[in-house]
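Enquirer: Here is how the chains run, residue by residue.
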Amino acid sequence: MSDISKSIPKSDSAGKIAGETIYIGDMVLDDMLHAMTLRSVHAKARIKSIRLPEMPEGYFIVDHRDIPGDNCVNIIFDDMPVFADGKVNYIGEPILLAAGPKRKKVKEIIDSIEVEYEPSEPVFGYSKSVVHHEFEKGDAASVFCKAERIIKGSYSTGYQEHIYMEPQGVIGLYEDNKTTVIGSMQCPYYIKNAVVRTLGTGQENVRVIQAATGGAFGGKEEFPSLMGCQAAVAANKTGKPIKLIYERTEDIETTTKRHPSRIDFEAAAGEDGSIEALRVRVFLDSGAYIGLSGVVLQRAMIAASGVYTISNLSVSGDVYETNTVPNGAFRGFGAPQMFFAIEMFIHHFAIETGQDPLALRKRHLASMGDPTSTGGTFRDPIIMGDMIQKAIDMSGYDEKIAEYSKPGDHRGIGMSWVLHGCGFTGSGEQKHIKAVVRLRKEKDDMVTILAANTEMGQGAMTTLRKIAAGVLGIPIEKVIYNNPDTDLVPDSGPTVASRTVMIVGGLIARAARQLKEKWVPGKEILVEERYRQPDYIEWDEDKLRGDAYPAYSWGVNVVEVEVSPVTYEVDLKGIWAVYDIGKAIDERIIIGQAEGGLSQGISYGMTEVMECREGRIQQRNMTDYIIPTAGDCIPMEIVIMDNPYPLGPYGAKGAGELPLVGGAPAVALAIENAIGKRIDRIPATPEYIMELMENG
Amino acid sequence: MVRSYIPKSYGEALDILSKGDLTIMAGGTDLMVKKRNRAGLLPSFQKDVLFLSGIKELSYINKENSSVRIGSMTTLEEILYSKQIPSLLREAAAIMASPGIRHTATLGGNIGNASPAGDTLPVLYLYNAMIIIESKRQTREVPIEEFITGPGRTTFGPGELIKEIVLEEAKFNVLYYKKIGGRKTDAISKVSFAAGAFARNGIVEDIRMAFGAVSPRVARDRGIEDSIKGTPAAGILDLAEEIRNGYGNIINPIDDQRSNAKYRKKCCMNMIDDFLGKVFAEQ
Ligand SMILES: Cc1cc2nc3c(=O)[nH]c(=O)nc-3n(C[C@H](O)[C@H](O)[C@H](O)COP(=O)(O)OP(=O)(O)OC[C@H]3O[C@@H](n4cnc5c(N)ncnc54)[C@H](O)[C@@H]3O)c2cc1C
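Taken in order, these protein sequences are the chains called F and B. Heads up: the first sequence is residues 1 to 696, going by this note's numbering. Heads up: the second sequence is residues 1 to 283, going by this note's numbering.
Same shape as in the complex, but just chain B (with noise of 0.2 Å):
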């Protein structure tokens, strides 16, 4: 028999955290897929369920200094509109899932969750997402690129939680967001793009890039971005064949259901070389 518990607070959830091995509920918009049950049937889970979508303390969104501290269980309707959000994450946020899951999803669920197709991946990949991650012990911040370690998996320790999200602040003046799935709402992801750059005086002084649902986790390679960084913009054109190999190596799609392998990638050099332009014309 499995129990359910419902903290009143966040301190509580840590107590009860500490004593056991529990599943973590969010918005359930993932688990209840993943536990699923024929119909009429309770869904299987195997532990205990913590119940962490109620706590109040884990709802919010705060500028503070140049980041954005977002609790893990703000939903992503919430991120879809408020004001403190960078827009590439709330673009995002507004083409993933449809309004009814939207206002239960939670951001902590879909990094919880660690699919290579988690929407807002790629864009907290693009603003070196910090990760804090608490338990009744103690509390850690890891960069999301090393949090996530493969499809599902995580880096997570006993009793722990995905407290808050920080992303660090970024000065973009070129922004780029694609999501392609096979249709306009309720998809997953065949690819996804986040990219965003910084020009000024004909100079590419930033560029960054994240490639969602090509490779077991989201591809971001900073070396890639140091070498573009400092080139005229009027020049970027003539990297992008040499830019696009870089990528090449790192993104490796698959042939499954829901497209193929070679799609996927023929779109991943379509958008570098669609955004590329756009840094070209921002010089």
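Next up, chain F with everything else stripped away, as it sits in the complex (with noise of 0.2 Å):
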């Protein structure tokens, strides 16, 4: 086989261009039952009495009351009901189902359904503390005590969200003693195990399908797991397919979001500017239940010292509970939370004691063997300083910089550095995940991929494949990769974290090696693989001590942009990139994961407003919550980078998250630059450099 990095064809592209491929939303089933969520009012509440309409005949309602396990949604921390019982948390929260026949009938259901409620005083803000981290390396401690000079930055940032093309949607089936959950989804067994928790019942009794996925970005991690639930106890009780399918409305106002964030640095400054030592807070709003913030927290607090090498560290961390809306996964997981603080902090560190930002940068860039923020080791080679070159040449950033640093010029540049961690943080791959995967090989000599892995147009299916038949040596057409269905795959783990090439492709390349070792024509043949952690890998899950992640991706990012100052607005004038994922499977994938992360990191920065009043999303739809159109995207100049990882295939890490994780940032100094004043929110939107250029 020639290069893997050529490019072929997507597998999922024809059937979505054809317009033939299924979705959620699509499907009907026969006696199949429309259901509708009846939600909270109040941000806090309890419930005092609930008063139903008399019922159709054919229509139901569901509630707390039919769950016959756990009345608990299965993720990480144990706080989120499937329906509330009692109290509400946050507007929007579930309370119960209205299922039926005919969608007009249903919302009439719920339309007339009085909640009598007895509201009481909500928390909002960084008050109410439910999870804590800290670590530390070396001796931050003393070397503040006897520091000179310590500079500070607060940094903040906003909600964003999801906007995946599809909305959230489930089926919930009960057949012969098995309920069947088919949906959009990035994790079928994270909704298996949801399931079978909240229904009480055994592994063998439920069966998680996913359906073609019309996008996801992290939204369709855990939150479905909630509606699956949902769906499967409404369809336990009335023994009819339950299709609950949301508007994008209602989407927007009550799925998970990314955390807003609060970032606090103390630096002590050497007496040859370095920095010495750190000091980091991190504030994280989970909204009203806990799910896995407290991973996000660490996956952030990890981030502290962004791609630099700091020798005396202290970082620690909180998720506060609000009576909002619960936030949860979003591409890059609490990174692009600190990388944008740390790379503002860093500049504007440069800048107060007065040294060439760009100057200071190199000095702390990491290199192969330093220790990480949290005590391992960059063991694999790190070619960050031929990556900021060729970033730099291509961009012509130093002249431009200088240029555009004249008052007066509101043109701006700016440059961010970003690493990312690839796989589940820690040993989660090895004490929580442990994947398996199987290739199967029918006698017509056809190989099926067996993996829970899922495409959501991020290309797993061909890359998937294309390994599978790159290590074989067969034609790609000769391996198959279906959605997945827990019933015939075993538990590859979630389609998250940057771990799908990296590790259950790794997993896919020893399979494909194994069989072809066994390889006899016209025979069945099953093969198996399982994780097994580097020995060197290293980790401490309470301190944060150790390897931290098996392997890193690395990226440089260039924007350049031209501020009105007669309407403040940002055009974006220049986008350039470049990568170090080890290596690309295929090359057209990879940059449609970049030009899109790169897009939606941008727009995370400057124009993606999203403000929650009172407990209530204000942007509710696509037309307030803005996220940029094609009209908005200009072309950009991304180079990948060839650095090979000796444990993935084809010697790939991570992708899929990476290029999101340095927009913010760098269109954030791009505008700092242009207006010449310090940035330290985002998004950067032209109401905010209003301020910052009219008042200083």
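Calculated from the structure, these hints are not laboratory results. Any given hint might turn out to be false.
Simulated crosslink set (EDC-like; lysine to aspartate or glutamate; CA at most 20 Å straight-line) [unchecked claim]: (1) B:262 - F:687; (2) F:48 - F:118; (3) B:265 - F:691; (4) B:35 - F:250; (5) B:278 - B:225; (6) B:184 - F:571; (7) B:262 - F:624; (8) B:265 - F:694; (9) F:478 - F:528; (10) F:237 - F:30.
Derived contacts from chain B toward chain F, CB cut-off under 7 Å, selection only [what the hints assert, rightly or not]: (11) 38; (12) 40; (13) 41; (14) 180; (15) 182; (16) 260; (17) 263.
None of the values given here were measured: they were computed from a predicted structure. Where a beta carbon is used, it is the ideal one built from N, C-alpha and C, also for glycine.
Assembling the complex is the task here: the two chains are given apart, and the hints tell you how they should meet.
Expert: Here is the structure:
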């Protein structure tokens, strides 16, 4: 086979382009009932009573009393109920489902239910800590004691909503003692485990099937478990297929989002201008339930020193509960918040101490063999020096920054450096996920990949097939990858954390090697591989010490802007990026991830405004929650480096999240350069830029 | 049960309108959003609906003497590409919505919707647009300033519809149009501004300014305009503060989920300055 990176048509494209792909919203089953959700209108209240209308024949109400097992959605931290039981903790919290054959009637039922609430004082802001972590590297405390000069900075970031093209949706059905959930999702086994628990039943009685999934961005990591449990309970109660599909507005208002954050820094400046010690404090808003916020916090904290080596580090962080819609997984998972903050801070530190930011950053840039923030080791070659030079050459950064820094020039250029730890944090893969994959060869020599990972538009299906076909040395057409069905595939783990190609692809490559050795034409053969953590990895989950990730992907992003002094609007003028993701398994797919991710990161940094007032989301539709259109995007120049990672398939590392992570700091630094004023929060909207330009 | 009427001719449309209280649907790009229901359910129209967009007789752009007559069912895309249309209106059409919407959205609909953020409106105000309203019984002509009385409110009587829009000729040698939205396409204006001036031999003979999305109706003040007319272009920047203060009194933007009052007002003031600077340069 020729170079694996050479692009091939994506497996899922033809059906999508032809409009033939069946999404969950398109599925119609016999006897199917439509379900709608009754939701809390208070941020915090006790439910005193619920008055139901007279129910017509064939219509049902499903609530917490119908749950045979735990009224708790299984997501790392067990605090979110499947249906509210006597109290509500955020506006939009699901109380019950109404279901029936006609959507119109179901809506009338929902509209006529009367709930009597006894509201109480909701909690907002960073006041009620529910998770705390901290870790140290070196001895920051004694450096601070002796420090001559301490520089401070405080940065805040807003919500980000996924706006996957297809809103959330599932169908639950119950047949012959077995409950099946079909839906738009990233993690079939998460839903399966959640449904097993909520139904209080055995693993063998629950089956989860992924339907074609129209985008996810992390929004379909843990959230579908809630809907899956609700639909499963409803299907068990009624004995009929239950279809639960969200409207766009409902989806925006009530599903998880990126955690708003505040990050405070204190840095002790050494005599030579370097950062001798860094103290970092992270505040994350989890919304009403913790869910996986503690893990998001960890990823943010571990990234506290960015791509820089800082010898003395003291990091602490808290997750704060508020009476707002729960926040959850989103591409980058805590890293986008931290990289915005650290990249701004190192600039601000340099400027305050009278240094060239680029020179300071280069001085602290991590190299191979350096200890990581958590005292692990960067074991693999770091080629950031080359990458930075490439980005500078492509973009003309040096000349431009000199020119644009002149007073009165409203053009600006900014550069961010990022890394992203690939796969689960710490020993997550080994201890919690324990991925298994199988390959099955049929008599006709077709090979099926048996794994639970999902195609959501990102190219997993194509990439994983390519890896198997490449190792086996057979044409790609001979390798099959179907949407996962938990009755047919083993648990290879969730499709999250930039792990699919590196970890699952790695297992598939190993399984393919095994199969190749055993290959006998015309014979059925089944092979299996299980995840084994590299021996050298050591991680202390409680102290957050050791190697937080098996490998890192790296990126350099440059954004050029022009800010209008009349309207304060930001025009993108140029975008360049250089990424080290080990090896591209398919170049076009990687460029797609890079361009999409970087766009999403840039608009996180300058465009996407979502505010919550008194617990109510203000931007509730796509008119008001602004994401970029094709008209807002400009051509990008992206270079993918070759730096194979020995344990990844063909040398591949993670690529899905990396490009998003550096978008916001690059554009925020560009705006800062354009207006000559310090930016401390994102999104850097025209309204905020006006304040800065007019008031300094 | 709501009934739908699809008339074959303009006459038939007027006939149908004369017999009942109907909702008029042009391109439907505002109406279908307003009447939207949950997915899978029919939109929630309360009245019978008259579909006007197929009436060819209402789709035209004619230059007559010095004015331009535009049929109400002319789409934004047609306006965008017509050489007969003043460039400011074409500019406004060009940054409205996105191509798909522009192919069905009509000029009549933008006026009928009467949103203070309707993007053609400031330009129509600038050209002293007359709205030709017709029913089976009568035809009346109303200046756009009188036709739109508030957000979503117009002076429609029963059985009436917008037949055409007439733009008065205006001679400008300085033109200015800016729409500020949250993004470059498919955005509702936070603020929009249309302005034109005619300066000859160093004297400002005509000057007009109209602001969208910053008050319940498009804001235009002929008193301020008249006070500038006749002054030397070279001295216009000296008047800037007075002019800004004048408009400051009639521009009352709000805080909402798309922007805030302070920003909207500040942008208006900046755009006035920017425009006056261009007039100054024209002397
Ligand atoms: C995605 C999207 C983007 C948009 N972007 C913009 C934008 O950038 N700028 C902007 O200004 N608007 C925008 N709009 C709004 C809309 O497209 C425009 O207002 C358009 O001009 C409406 O025209 P229409 O023919 O679709 O009107 P319709 O929706 O058919 O009608 C609008 C109103 O006018 C009345 N009406 C229509 N025709 C007549 C008539 N002949 N006589 C009497 N009453 C009539 C209707 O009864 C209704 O009340 C956007 C809409 C969408 C969906």
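Enquirer: Now tell me if each hint is right for this structure.
Expert: Evaluation of the provided hints:
1. B:262 - F:687: 8 Å, holds
2. F:48 - F:118: Roughly 7 Å between the alpha carbons, so the hint for residue 48 of chain F and residue 118 of chain F holds.
3. B:265 - F:691: Distance of about 13 Å is within 20 Å: holds.
4. B:35 - F:250: 17 Å, holds
5. B:278 - B:225: Distance of about 16 Å is within 20 Å: holds.
6. B:184 - F:571: It holds: about 10 Å lies between the C-alpha atoms, which stays within 20 Å.
7. B:262 - F:624: 19 Å, holds
8. B:265 - F:694: 13 Å, holds
9. F:478 - F:528: Roughly 19 Å between the alpha carbons, so the hint for residue 478 of chain F and residue 528 of chain F holds.
10. F:237 - F:30: 17 Å, holds
11. 38: 6 Å, holds
12. 40: Holds: closest Cβ of chain F sits about 5 Å from residue 40 of chain B, inside 7 Å.
13. 41: 6 Å, holds
14. 180: 5 Å, holds
15. 182: It holds, given that the least Cβ distance between residue 182 of chain B and chain F is near 4 Å, below 7 Å.
16. 260: With a closest approach of 6 Å, the residue 260 of chain B hint holds.
17. 263: Constraint on residue 263 of chain B satisfied, holds at 4 Å.
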